[in-house]
Structure formats: structure tokens, C-alpha cells
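So the chains spell out like this:
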Amino acid sequence: MTEAVVTLRLNQQQLELMDRTIAQGVAADRVALVRLALREYAASRKAAAETAR
Amino acid sequence: MTSRQVISELVLEPGTGKAIELLKGHILRVEQVEGGQCADFNCFNLHDYKEFMHCGRTRTVHGFHPTTGTFMWSAPPRERAMLYILEDTVGQNDVLFPRCSAYVYEASYGFAVHTNCHDIQAEAQREYGLTPDDVHDSFNLFMCTGVDQDGHAFMTRQTTKPGDHVDLLALMDVLAVPNVCGADVMKTSNFALKPLKLTVFAATEADLAGVPGTPTLASQRTPKDFRNPAIKSDRPLRRDPAYKPEFPNTPIVVTELPISLAPDEIAMFNAVKRADIYGDDDAAALRDLLFSWWEERFLQAHAGAPAIESK
Chain U
1 MTEAVVTLRL NQQQLELMDR TIAQGVAADR VALVRLALRE YAASRKAAAE
51 TAR
Chain F
1 MTSRQVISEL VLEPGTGKAI ELLKGHILRV EQVEGGQCAD FNCFNLHDYK
51 EFMHCGRTRT VHGFHPTTGT FMWSAPPRER AMLYILEDTV GQNDVLFPRC
101 SAYVYEASYG FAVHTNCHDI QAEAQREYGL TPDDVHDSFN LFMCTGVDQD
151 GHAFMTRQTT KPGDHVDLLA LMDVLAVPNV CGADVMKTSN FALKPLKLTV
201 FAATEADLAG VPGTPTLASQ RTPKDFRNPA IKSDRPLRRD PAYKPEFPNT
251 PIVVTELPIS LAPDEIAMFN AVKRADIYGD DDAAALRDLL FSWWEERFLQ
301 AHAGAPAIES K
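Protein sequences appear in the order of chains U and F. Quick note, the first sequence lines up with residues 1 to 53 if you use the working numbering. Quick note, the second sequence lines up with residues 1 to 311 if you use the working numbering.
In short, the hints are calculated from the structure, not lab data. Beta carbons are placed, not taken as given, at the ideal position from N, Cα and C, and that holds for glycine. Careful, some of the hints might be misleading.
To be verified - Covered stretches of chain F (chain U as the covering partner; in silico rule of three or more C-beta atoms under 8 Å from a C-beta of chain U): (1) 244-253; (2) 261-272; (3) 288-302.
Let the hints inform the model, and build the full structure from the sequences given.
In C-alpha cells, the structure reads:
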């Protein structure tokens, strides 16, 4: 599998929320925030699925 | 512990209601006399009747059955805590059902005239110059309700006993309007109309000390913040030719943000993306994931409900 690009379409309010989250030190920039969200979201779903088994 | 000073006492007879000036720091006790009686309740800012209790906001914050430790909130854009439920010996109140009305008793039961909460409220509020159109959705004390599997609200009988009560502490000066629910052919008050006792107390320092703080935010706007602060005084609606829309944050502008996903990230994404909703629109699915994650990690209230803890 090779790298893929997904292009998010975000309005100014959604970007503001991301930027305020970044300003708290959660991630370095917008791209890093999306990557963090993906990793944490996937990990939480995986953990929930394992617990349910 | 100091005892509360009684300011006034009144028995509400069946078929009646009473508008009471309840000042900040006063407590209204609505109490069962015989047991088994529902009370409907309206509440207005005493100094600006356009600020009134909003059951929609209240049920979003506290659920369908507000009880001890919850607030009664005013409607947007005010959204302030008007009352605090200091004590509730039953824990069975309702913000699902609207007030019963004359229409209900005519349409469903064939009554030309019947006691009903809307008209009782309107008559009680008339003492303060309000009209039948000013009656708002009621907070229904002692009303036993739920939602069935079909999504319909239902009501059933109550088990309240003499002396059971709800204590409402005013957090601002309000006009509090309780009434004896007019429903004697429904289960709400166990098929009978009974009196209710009302007592107004001055809250003690201990009462006040137990009230949690709530936020003071810029979004809690009052008439001084309105583009149109004047209350409309006639009935027809006419277009303002000078009107120019000023919707906040418009125009909504969309910006593209490309995200390169490594193979392991693609695998993660494919495992959790909501293809059932977004199909092959990965951009929409990733945006959903981003804000779903944000809600789970940072939101301090149910989605769509405001956080009410003061910072």
C-alpha cells in the first residue's frame, strides 16, 4: 500500500477550533492534529472492540 | 444550622394558579397536601418578561427529569440559570410534556370547558399584564413520564404523599407561576384534582452555599446586545425595508487541507471510517473522525448541550 492524500474541506469555524486546540499544545500544526485524531480514534475503537470480545 | 424564615404561605386550590414575586435568594416550596397532584410551572425574569424559563435548554442540560442539584435555564440568547432545585423529595419531574390545554380536552374528551394548565397559567399571569400568548412550556413538577419504544412521550400515575415537596431557589428576581394541573381525566394526578401548598422562604447561608457556580459568558446576551432591542407592540408582521442581514461568521468559507496518510494510517482509517454514511467520500469521513475525536477528548457536556460548570 502506498501513501494516499485525503483533502479535508474545513470552514473557518472548524479551523478556529483546530487552531485553538493546537494552541493548547495538543499538536504542532493542523496536519499533525488530524494525524493525532486518527491514531487516537482508531486506538480507542480497537480497544473497545477487544473489550467487547 | 439556622432555620429558614417563612415569607408567605398559600394553598393553591384545584383549578387555580398564582403568580408570585420570588426575589433572588428566596425559595419557593411546592408541596403536596393530599399527595398525587401534578403542578405546572412557568417562570419569568421579574424585570424583563422576555427572559423566561426554557424547557428545551433545561432538558438538554439536565435530561427529561430535572431534580435536586439541577437548574432551570432561560431561553437563548439569555441562557442564564434562573432557578436551582435545592430539594426534591420525590425526584419525578418532567420537561417533556407541554402544558395541557383547552384544545386537548375538547378534541380528545369532548369538553366545551375544562380546567387546563394553559388557561390557568394565563389567568394567573394576567395579574402581571401578560397575555395567553406569553404562557411558555411548563416545568411539570411531580409528573411521572417517560419515552416509549416508538419514541412517544407517555405519562403515568404518581406516588407522591402529603408533605412531598420541591424547593426552587431563585437565582434572580423572577415571577414564579405554579398552578394545580387541571388534568382530572388523565393519569398525571391519579384522576383527581387536589390542592397544593406554596411556601416562600428566605434562603439561609447554608442553602446558598450549596449552589454550584455557573458560567458568565459573552454569548449570554441581553437587550443591550440586540440589534433590535424594542419589543414589538402590534400584531401584524411587516417587512423592514431597511433590513440588511448580518448573520454571524458569514460568508462561510471552505479551505482545503491536504493530509498525506502513510500506509499504516490508511489501514487505521479504513478500519474505523464511517463508510456506511459517507460511502467513498474519504474527505467527509476523515472530517467526521476528526471532530468525533475532538468531542470525545475535549467536550465536557453532552454533544449539543452547553457546559454549565463555571471555570
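Right, here's what the structure says about each hint:
no.	hint	verdict
1	244-253	holds (count 3)
2	261-272	holds (count 10)
3	288-302	holds (count 9)
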